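Peer 1: Here are the chains, one letter per residue:
2 protein chains.
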Amino acid sequence: MFRAIGFGLLVIAVTHAVRAEDAVVENVVFAIHGGIGLDKVEMTPEIDKRVRTELEQALRAGFAALNKPNATGLDAVEAAIRLMEDSPQFNAGRGAVFTHDGRNELDASIMEGKTLKAGSVAGVSTVKNPITAARAVMEKSKHVLLVSRGAEAFAAERGLEIVDPKYFRTEERWQQLQKQLEEEKKRSEVRGQRPEGISERYLPGFSFGTVGAIALDKAGNLSAGTSTGGMSNKRWGRVGDSPIIGAGTYADNEACAVSATGHGEYFIRYSVAHDIVALMKYKALPVNAAADEVIRKKLKAAGGEGGVICLDHRGRFYPSYNTEGMYRGCITRDGQVQVRIFEQ
Amino acid sequence: MFRAIGFGLLVIAVTHAVRAEDAVVENVVFAIHGGIGLDKVEMTPEIDKRVRTELEQALRAGFAALNKPNATGLDAVEAAIRLMEDSPQFNAGRGAVFTHDGRNELDASIMEGKTLKAGSVAGVSTVKNPITAARAVMEKSKHVLLVSRGAEAFAAERGLEIVDPKYFRTEERWQQLQKQLEEEKKRSEVRGQRPEGISERYLPGFSFGTVGAIALDKAGNLSAGTSTGGMSNKRWGRVGDSPIIGAGTYADNEACAVSATGHGEYFIRYSVAHDIVALMKYKALPVNAAADEVIRKKLKAAGGEGGVICLDHRGRFYPSYNTEGMYRGCITRDGQVQVRIFEQ
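Note that the protein sequences, when read in sequence, are chains E and B. Under this note's numbering, think of the first position of the first sequence as -18, with each following residue one higher. Under this note's numbering, think of the first position of the second sequence as -18, with each following residue one higher.
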């Protein structure tokens, strides 16, 4: 049913500009994103259907977790992100993009808005669910950020599921890397250009992107989490914004929960997630105005493509992006699911 | 001369509370810190002299770099931090604390307030000057944050000075680790406690801490940089706030430049450096009020020990810390040096 509504709104969005305040959804308790996605011209009915199905499943998984007795928002965030990490469709966990050296290096973070506690892992290649490792860092260590082999050792000591690095490999992502390496070789032969990672948005093929989730639980606490494989063809241990608290993820009960996706370097430099929170707290902006100020104004002016999903402490959900679309969805207190791609 | 003034103020500070606005130094073009340091009862005249000498040298090196033709604030920040990285006294570069596994894993970051460009490295063990590697990431890659072996490979490809990991070792830091490992063993035998890293502030011995520098150059541009060995006895690839843009380092021409030191996990969770900038931009707070709001109020209430040095776009320098003291100094446009430890 909601898919039909989604298509209806798509048609409207093409001909009418939708004001930001119209796009705020009230009474939301859980929301997710699956990256900034394809341009409209690349979208097919088949991909559209695949995205919506996957997002709806993750939304329902998070909602179910949220409604268990004594559940917190962290449980919902972790449950939905685990599902998307396990799906080969998203650039997170299994199905992540490859590094230049043919590896999958994964980043994730999680944060609790009541206590401002947080945990992150970056550059892990053996942890099946990086979001669960991030939560373990938050809850079972005195630290916030663990990287590379050290983070893997921590996850193993804590009894988390460890997999052979090959587990994360999918043929589509491998072929994406091969195409990039070929193009890179041609470019460097012609112009001597040095290879660097490129954004998932510009990859050949139709897998989805970075994933994130935000929740408002029954106790009124906000949570946020993000998980990614980063840039395809990335080199030199490059880490983007997803595991950086304040950049790709933030949650503060006094403002909102945020999860980001996009060109991570810009999100770090602009402290995007924390900046949205700061605009709400210090300038008393509503969540949609704060998000648009950062994403559609500052980041767009700087050339930083991407978007965020935000959920404030009153249950107002708002996605802001400066690309054509963003794969995302939300679910209200009474279980109404809404999934969107291009339409506000 | 300034040392004498310093001691004089120390005496006053013991009996009279000094208001924050009294502690703002005007017309500053360059400032540094060397960590949050010892408590008063641990301080000896000999350590006091050593700290002041080292800080003054670094201040003068930064000031000299700043006054070269066509120099930018980044040149001053890099020059002063390189000197402190090369000194065995600070917890940065040579003389860094050891990890649980007996390694030195170094983190650094740098940021330019005009463009919001930034660069960081984390967990490197072979790069002689991590601050120079951070600057290379900013200026010679499309990335912001590179970690571990990848960051080392990048530094080597860029022709930066690579050293044997043993280069960073000092006997004092090694003995600190041995003492910690012994205590840890006793504790785990008695109470089954798990070992985790501890803050440099609680280490036996009298080496100094994390280092940082901030500059306001002739073009009116702000810059900031930070470099550290992190927590002694740290495990699992723990990374603190120093290489995290928005946490340990930030520079924005519209507000101020910030470099932090202290219990890094709190600085990440509270996005400390960016929060100070946000309070100036969105609540129009002056630099000292913004810094105190974050360090002396929020962080102190949360139990997060540490401090920051800040320099606003008008040349107003202000250090804020919730510990007894902070090793820091500044130099004014006309070359007046001021070094302080406990006294505001």
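The set of hints was computed from the structure by calculation and includes no laboratory data. Keep in mind that the hints are not guaranteed to be accurate.
What the hints assert, rightly or not - Just a sample of chain B residues kept apart from chain E, beta carbon distances all over 10 Å, derived:
# : residue
1 : Arg130
2 : Leu162
3 : Glu164
4 : Arg216
5 : Gly227
To be verified - Straight-line Cα separation of at most 20 Å, EDC-like style, residue types lysine to aspartate or glutamate; simulated pairs:
#  : chain 1 : residue 1 : chain 2 : residue 2
6  : E       : Lys281    : B       : Glu305
7  : E       : Lys123    : B       : Glu274
8  : E       : Lys123    : B       : Asp145
9  : E       : Lys123    : B       : Glu165
10 : B       : Lys264    : E       : Glu235
11 : E       : Lys98     : B       : Glu23
12 : B       : Lys279    : E       : Glu235
13 : B       : Lys121    : E       : Glu165
14 : B       : Lys264    : E       : Glu138
15 : E       : Lys166    : B       : Glu138
16 : E       : Lys199    : E       : Glu274
17 : B       : Lys147    : B       : Asp82
18 : B       : Lys109    : B       : Glu164
19 : E       : Lys262    : B       : Glu274
20 : E       : Lys279    : E       : Glu305
21 : B       : Lys123    : B       : Asp145
22 : B       : Lys262    : E       : Glu138
23 : B       : Lys98     : B       : Glu120
24 : E       : Lys279    : B       : Glu235
25 : B       : Lys98     : E       : Asp82
26 : B       : Lys30     : B       : Asp20
27 : B       : Lys166    : E       : Glu286
28 : B       : Lys123    : E       : Glu235
29 : B       : Lys278    : E       : Glu235
30 : E       : Lys121    : B       : Glu235
31 : E       : Lys109    : E       : Glu138
32 : B       : Lys109    : B       : Glu165
33 : B       : Lys160    : B       : Glu274
34 : B       : Lys279    : B       : Glu305
35 : E       : Lys278    : B       : Glu23
36 : B       : Lys281    : E       : Glu235
37 : B       : Lys95     : B       : Asp56
38 : B       : Lys123    : E       : Glu165
39 : B       : Lys123    : E       : Glu138
40 : E       : Lys123    : B       : Glu305
All values derive from a computational prediction rather than experimental measurement. C-beta: ideal position from N, C-alpha, C; glycine also.
Peer 1: Does each hint hold? Answer for all of them.
Peer 2: Cross-check of the supplied hints:
1. Arg130: Label violated. Min Cβ-Cβ 6 Å, cutoff 10 Å.
2. Leu162: 17 Å, holds
3. Glu164: 16 Å, holds
4. Arg216: Violated, because the least Cβ-Cβ distance between Arg216(B) and chain E comes to about 7 Å, which does not exceed 10 Å.
5. Gly227: Given that some Cβ of chain E is not farther than 10 Å from that of Gly227(B), nearest at about 4 Å, it is violated.
6. Lys281(E) <-> Glu305(B): 43 Å, violated
7. Lys123(E) <-> Glu274(B): Answer violated: Lys123(E) to Glu274(B) is near 24 Å, above 20 Å.
8. Lys123(E) <-> Asp145(B): 30 Å, violated
9. Lys123(E) <-> Glu165(B): 15 Å, holds
10. Lys264(B) <-> Glu235(E): Cα-Cα ~16 Å, so holds.
11. Lys98(E) <-> Glu23(B): 32 Å, violated
12. Lys279(B) <-> Glu235(E): 13 Å, holds
13. Lys121(B) <-> Glu165(E): 18 Å, holds
14. Lys264(B) <-> Glu138(E): 45 Å, violated
15. Lys166(E) <-> Glu138(B): Given pair Lys166(E), Glu138(B) holds - Cα atoms ~18 Å apart, limit 20 Å.
16. Lys199(E) <-> Glu274(E): 29 Å, violated
17. Lys147(B) <-> Asp82(B): Within the cut-off at roughly 13 Å; holds.
18. Lys109(B) <-> Glu164(B): At roughly 31 Å apart (the allowed maximum being 20 Å), Glu164(B) and Lys109(B) break the hint.
19. Lys262(E) <-> Glu274(B): Measuring from Cα to Cα gives roughly 14 Å; hence the hint holds.
20. Lys279(E) <-> Glu305(E): 17 Å, holds
21. Lys123(B) <-> Asp145(B): Violated, at roughly 28 Å.
22. Lys262(B) <-> Glu138(E): Measuring from Cα to Cα gives roughly 44 Å; hence the hint is violated.
23. Lys98(B) <-> Glu120(B): Roughly 8 Å between the alpha carbons, so the hint for Lys98(B) and Glu120(B) holds.
24. Lys279(E) <-> Glu235(B): Roughly 13 Å separates the two Cα atoms, so the pair holds.
25. Lys98(B) <-> Asp82(E): Judged against 20 Å, a Cα distance of about 27 Å means the pair is violated.
26. Lys30(B) <-> Asp20(B): Roughly 15 Å separates the two Cα atoms, so the pair holds.
27. Lys166(B) <-> Glu286(E): Between Lys166(B) and Glu286(E) the Cα gap is close to 50 Å, so the pair fails against 20 Å, i.e. violated.
28. Lys123(B) <-> Glu235(E): Violated, at about 34 Å.
29. Lys278(B) <-> Glu235(E): 16 Å, holds
30. Lys121(E) <-> Glu235(B): Roughly 39 Å separates the two Cα atoms, so the pair is violated.
31. Lys109(E) <-> Glu138(E): 14 Å, holds
32. Lys109(B) <-> Glu165(B): 30 Å, violated
33. Lys160(B) <-> Glu274(B): Distance of about 37 Å is beyond 20 Å: violated.
34. Lys279(B) <-> Glu305(B): 17 Å, holds
35. Lys278(E) <-> Glu23(B): The hint is violated at about 51 Å.
36. Lys281(B) <-> Glu235(E): Answer holds: Lys281(B) to Glu235(E) is near 18 Å, not above 20 Å.
37. Lys95(B) <-> Asp56(B): 14 Å, holds
38. Lys123(B) <-> Glu165(E): 15 Å, holds
39. Lys123(B) <-> Glu138(E): 35 Å, violated
40. Lys123(E) <-> Glu305(B): 23 Å, violated
When each numbered hint is compared with the structure, violations occur for hints 1, 4, 5, 6, 7, 8, 11, 14, 16, 18, 21, 22, 25, 27, 28, 30, 32, 33, 35, 39, 40.
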